[in-house]
Amino acid sequence: MSFLLEVDHLVRHYNLPRERLFGPPPTVKALNGVSFKLQPGRSMGIVGESGSGKSTIARLVMALDTPTAGTVKLLGRDLHALPRPALRAARRDVQMVFQDPYGSLDPRQTVARIVAEPLEALAETSRAEQRERAGESLAAVGLRSGDLDKYPHEFSGGQRQRIAIARALITRPKLIVADEPVSALDVSVQAQVLNLMQELQQKFGISYLLISHDLAVVNHLCDEVCVLHRGLVVERGAPQHLFAHAEHPYTQALLAAVPRAEPAALA
Amino acid sequence: MPLLEVDDLHVQLQTQRGPAEAVRGIGFTLERGETLGIVGESGCGKSITVQSLMGLLPSTAQVKGSIRFDGTELVGLSERAMCEIRGNRIGMIFQEPMTALNPVHTIARQVGEPLRLHRGMARADARKEVLALLERVGIPDAASRLDAYPHQFSGGQRQRIGIAMALACGPDLLIADEPTTALDVTIQKQILELIQGLVEERGMALILISHDLGVIAQNVSKMLVMYGGSVVESGPTAAVFAERAHPYTQGLFAARPALGAPRGQKLATIRGSVPDLIDLPSGCPFAGRCRFTIDDCHATRPPPTPMPHGHAVRCIRLGEVIAEGVLE
Chain P
0 MSFLLEVDHL VRHYNLPRER LFGPPPTVKA LNGVSFKLQP GRSMGIVGES GSGKSTIARL
60 VMALDTPTAG TVKLLGRDLH ALPRPALRAA RRDVQMVFQD PYGSLDPRQT VARIVAEPLE
120 ALAETSRAEQ RERAGESLAA VGLRSGDLDK YPHEFSGGQR QRIAIARALI TRPKLIVADE
180 PVSALDVSVQ AQVLNLMQEL QQKFGISYLL ISHDLAVVNH LCDEVCVLHR GLVVERGAPQ
240 HLFAHAEHPY TQALLAAVPR AEPAALA
Chain U
0 MPLLEVDDLH VQLQTQRGPA EAVRGIGFTL ERGETLGIVG ESGCGKSITV QSLMGLLPST
60 AQVKGSIRFD GTELVGLSER AMCEIRGNRI GMIFQEPMTA LNPVHTIARQ VGEPLRLHRG
120 MARADARKEV LALLERVGIP DAASRLDAYP HQFSGGQRQR IGIAMALACG PDLLIADEPT
180 TALDVTIQKQ ILELIQGLVE ERGMALILIS HDLGVIAQNV SKMLVMYGGS VVESGPTAAV
240 FAERAHPYTQ GLFAARPALG APRGQKLATI RGSVPDLIDL PSGCPFAGRC RFTIDDCHAT
300 RPPPTPMPHG HAVRCIRLGE VIAEGVLE
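So the sequence lines, in the order shown, correspond to chains P and U.
Here the first sequence stands for residues 0 to 266, where the numbers follow numbering that gives the first Met the number 0.
Here the second sequence stands for residues 0 to 327, where the numbers follow numbering that gives the first Met the number 0.
Source of the hints: derived by calculation from the structure; they are not laboratory data.
Heads up, a few of these hints could be off.
To be verified - Between beta-carbon pairs, the in silico distance windows are:
{"hint": "1", "chain 1": "P", "residue 1": "D7", "chain 2": "U", "residue 2": "R270", "range": "39 to 49 Å"}
{"hint": "2", "chain 1": "U", "residue 1": "G17", "chain 2": "P", "residue 2": "Y101", "range": "14 to 24 Å"}
{"hint": "3", "chain 1": "P", "residue 1": "H8", "chain 2": "U", "residue 2": "R122", "range": "53 to 63 Å"}
{"hint": "4", "chain 1": "U", "residue 1": "S41", "chain 2": "P", "residue 2": "T70", "range": "36 to 46 Å"}
{"hint": "5", "chain 1": "P", "residue 1": "H152", "chain 2": "U", "residue 2": "S58", "range": "19 to 29 Å"}
{"hint": "6", "chain 1": "P", "residue 1": "Y101", "chain 2": "U", "residue 2": "H308", "range": "34 to 44 Å"}
{"hint": "7", "chain 1": "P", "residue 1": "T67", "chain 2": "U", "residue 2": "E323", "range": "50 to 60 Å"}
{"hint": "8", "chain 1": "P", "residue 1": "P84", "chain 2": "U", "residue 2": "Q195", "range": "57 to 67 Å"}
{"hint": "9", "chain 1": "U", "residue 1": "Q264", "chain 2": "P", "residue 2": "A252", "range": "26 to 36 Å"}
Note that CB positions come from ideal geometry on N, CA and C, so glycine has one too.
With the hints as constraints, model all of the structure from the sequences given.
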């Protein structure tokens with residue numbers, strides 16, 4: 000059985016600035032040995048609170064940062080051991096969607112350039128071909144090819160997040176790392192984007208590594224979920240099962256804190 | 000006499016693309032000790048509404064209608080008189096605990112500022128009062144942290160400090176604008192419990208703004224649902240949640256992903272997007288996105304239709320909407 004993504008005993012400690020001249024610098028232990036495996040076409044959710052190490056996992060899987068110890072294998076290749084050109088080529092298979100649809104699109108570039116940029120970074124493609132692929136990618140997320148020459152400010156938050164997803168789709172990746180992709184969106188728009196992500200999953204067999212603090216969002220998109228607490232996976236399982244029968248006290252506390260839309264009875 | 004009486008409030012903001020009708024004729028009353036929630040999506044006018052109560056609107060904004068706070072008309076009140084009320088009789092908690100505090104002042108100075116300003120307290124007296132406030136909002140080891148700066152606290156602790164500041168002068172009305180949106184769920188729970196406890200203990204009135212229906216359900220006794228600058232549904236929280244009579248309210252409920260729902264299910268969405276406040280439709284603001292729309296919906300703004308329990312809904316197709324039953 001070959002895995003799409005294998006994360007093995009991942010550790011990442013960050014050194015902070017020294018507090019005393021001759022003392023050792025304090026360290027933040029962001030990840031303390033996280034392991035999980037993901038089969039092709041399946042999706043994994045990572046939930047936890049700020050400081051639990053969620054975004055550090057995303058950065059390490061994207062090879063935007065190097066681990067203190069441990070490995071990340073994408074389709075069998077150890078990303079952190081690859082030489083630079085090979086790493087660049089390997090990035091074709093993994094793309095990222097960020098949290099903030101306002102900060103993650105360059106306001107001075109047209110949508111066509113934004114969406115086609117991963118292609119330009121990967122290989123020699125002609126402008127015409129890039130434009131055509133960008134148009135296809137936009138169509139896949141429910142925007143029109145007429146939007147190619149517009150600028151990000153002409154779009155609403157939900158549409159911008161669609162553009163960001165189109166940019167991630169253009170290299171036809173097997174894995175999309177999505178770090179809080181809907182937390183900046185309004186409820187009604189959030190539902191549209193979640194439905195879109197679900198359709199893409201079914202249509203193109205894309206796997207998500209979904210980082211979220213929102214348990215319901217993970218429940219909607221993922222086959223499996225890891226609950227992260229202080230850099231360690233404290234509980235894992237299928238979301239429907241895990242959320243109904245949480246065993247670890249931290250998972251229970253997380254679930255109990257979610258406000259329920261059930262008011263006290265009418266007096 | 001109610002503590003707060005807002006009647007036919009209109010706020011027009013000047014933008015680069017022309018005037019925007021951010022609030023269009025909203026009204027509500029609030030008694031002492033009562034809790035009111037305002038729910039809606041971005042651009043629905045909920046934050047502008049509370050900013051007009053606090054006199055924090057940009058100077059180019061035009062405000063019409065009436066806001067009576069404890070007998071004083073706030074619309075058109077001089078800045079000088081407003082300063083007597085803001086931070087003194089009305090306290091406010093902001094969304095971002097990171098930016099609501101001044102990074103270059105110690106927390107003793109920031110939390111004590113309203114006391115020195117409104118109460119004319121001496122520095123030493125204010126410091127004693129600040130210590131009591133910080134202990135009340137649950138800052139551990141408060142005595143030794145009075146001279147610490149905001150960056151030395153976590154997000155949740157900073158929000159507690161923001162609450163201490165809003166409470167310093169013992170306001171009659173506390174306004175919380177998305178107070179927990181930037182916080183983790185477990186911290187959110189603690190902060191909401193703290194606000195709830197303080198409201199009961201001091202008999203303050205509370206206006207809580209949130210986009211989260213769960214937060215509204217558990218923290219306020221009555222609520223307004225806002226859309227496109229108008230209130231589309233209002234009433235006791237339990238009645239609004241039980242009946243969900245307006246098509247927009249129904250859409251909001253149906254769009255939330257549920258914990259424990261089976262995989263592969265589609266979420267219900269509201270087609271289209273929020274209308275532009277610069278050219279709002281003349282009729283019902285939701286008409287362009289609603290399944291029940293008929294020509295009359297576009298013609299005039301619907302009047303409130305009263306329902307049992309003091310619940311009111313602005314929809315002229317209410318009969319048809321209710322006949323279809325609550326969307327699940």
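A quick look at each hint next to the structure:
In this structure the hint that P/D7 and U/R270 lie 39 to 49 Å apart at CB holds, the actual value being about 45 Å. Take U/G17 and P/Y101: their Cβ atoms lie about 22 Å apart, and the range 14 to 24 Å holds. Our hint of 53 to 63 Å for P/H8 and U/R122 holds, since their Cβ atoms are close to 55 Å apart. Against the hinted window of 36 to 46 Å, the Cβ-Cβ separation of U/S41 and P/T70 comes to about 42 Å, which satisfies the hint.
Separated by about 25 Å at the C-beta atoms, P/H152 and U/S58 satisfy the suggested range of 19 to 29 Å. About 41 Å separates the C-beta atoms of P/Y101 and U/H308, a value consistent with the hinted range of 34 to 44 Å. In this structure, P/T67 and U/E323 meet the distance hint of 50 to 60 Å, their C-beta atoms being roughly 58 Å apart. The beta-carbon spacing between P/P84 and U/Q195, approximately 58 Å, falls within the hinted interval of 57 to 67 Å.
In this structure the hint that U/Q264 and P/A252 lie 26 to 36 Å apart at CB holds, the actual value being about 27 Å.
In terms of the numbered hints stated before, the structure departs from none.
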